[in-house]
Amino acid sequence: MTTAEGLREGARDAVPVLVALTPFGLVTGVAAVETGLPLAAAISMSYVVFAGTSQLAALQLIALGSPIAVILVTTLLLNLRFALYSAVFAPDLRPVPGPVRALLAALMTDQTMALGSLRSGRYPERGARIAYYVGVSLPIGIVWTTASTIGVLLGAAVPTGWSLDFAVPLVFLTLWVVAMKRGTPPVWVAGGVAALSAVAARTLPLNLGLLVAAFAGIAAGLWWETHRGPAPMGGAPRPTRARPAPGDGPRP
Amino acid sequence: MSDGALWGLIVAMGAITYALRASFIVLQDRVRLPDLVRRGLAYVPAAVLAAIVAPAFLQVGGEADLAVLAPRWAAGVVGTLVALRTGHMVAVLVAGMLTLWGVQALLRA
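Residue numbers (numbering that gives the first Met the number 0), protein chains in the order written: chain A, 0 to 251; chain B, 0 to 108.
These aren't lab readings, by the way, just hints derived from the structure by calculation.
Here the structure is a predicted model, which means the values were calculated and not measured.
Treat each hint with caution, since some may be false.
Beta-carbon label-pair distances, calculated as ranges [said to hold, decoys possible]:
(1) A:Trp187 <-> B:Arg29: 35 to 43 Å
(2) B:Asp28 <-> A:Val99: 16 to 24 Å
(3) A:Glu4 <-> B:Leu106: 22 to 30 Å
No residue lacks a Cβ here, since even glycine has one placed at the ideal position from N, Cα and C.
Let's have the full structure, built from the sequences with the hints guiding it.
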């Protein structure tokens, strides 16, 4: 397995992801404009942050007039999973020089994790694994930023009477339903408690209700896991994609 | 939000997200994810997404205006069913937006 083959195979595996990612990018771009962001900021967001779910959450919070601190804590919570992915890929990337490693880290996405961890067993050589990582991540990065840029330009052209801003809650609804469907009982508890808490705490000032509800849900999930079990596999945010956490055993 | 605050927010969000991505890849063995955080991560999507979704469908601003709320409820119910059945974002968007527009039109008629 050569570097070129790793790159090519990664890019090929990324194709179905690209198809799914395009509408998400478009919606994120449209939502940024609907929220009232100036064109340059709306476009830059996808390049600078490069994490769709947290961008949409931030836009929703900006629209509600939340303070910056609440938005940043929400960003941290929603993107904490990247630290876990980072730990998974760290051993593969260890021999790469520091600056290149810093660059490769910027390309990490949910899809890199899902595909990269699935296929890493196929590549005995480290060089090919790194090439596969780049082959998957680079097209995803290009398509995501391009789709969201097009979304911004489209959004600027769409009349506000279409209630297109409602697309954002619908996207979150889909992500939530899918997370619940794939989840184990403690995940359902976490989601249910968070939903009820969010409705109960919605009158809290500064949109703190979101964080209170999120932490209540996470705590409830942990409590249920400890006292009622069973724990979801691996501790990854999406149980169906979970692989053993680093340190749990030898790589497949 | 002022333009300056907005740009500051975008840069800070980018910095936080990049730091998380880079953590282990750049620092390798010099950092460790606390056990509780690793376990809690399994519940972050379900909990945070629920906290965002629930109020978006159950309230609009402060006043409970049925003409605004009813289309959202209908779209939420249809969207949930389609999401459960297909798990496909585009399908949910199409079904949800069509329901929203349909009920809005019915209420106006």
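Against the structure, the hints come out as follows:
1. For the pair Trp187 (chain A) and Arg29 (chain B), the beta carbons lie near 37 Å from each other, so the given range of 35 to 43 Å is met.
2. A hinted range of 16 to 24 Å for the beta carbons of Asp28 (chain B) and Val99 (chain A) is consistent with their spacing of about 18 Å.
3. Here the CB-CB span from Glu4 (chain A) to Leu106 (chain B) is close to 58 Å, at odds with the stated 22 to 30 Å.
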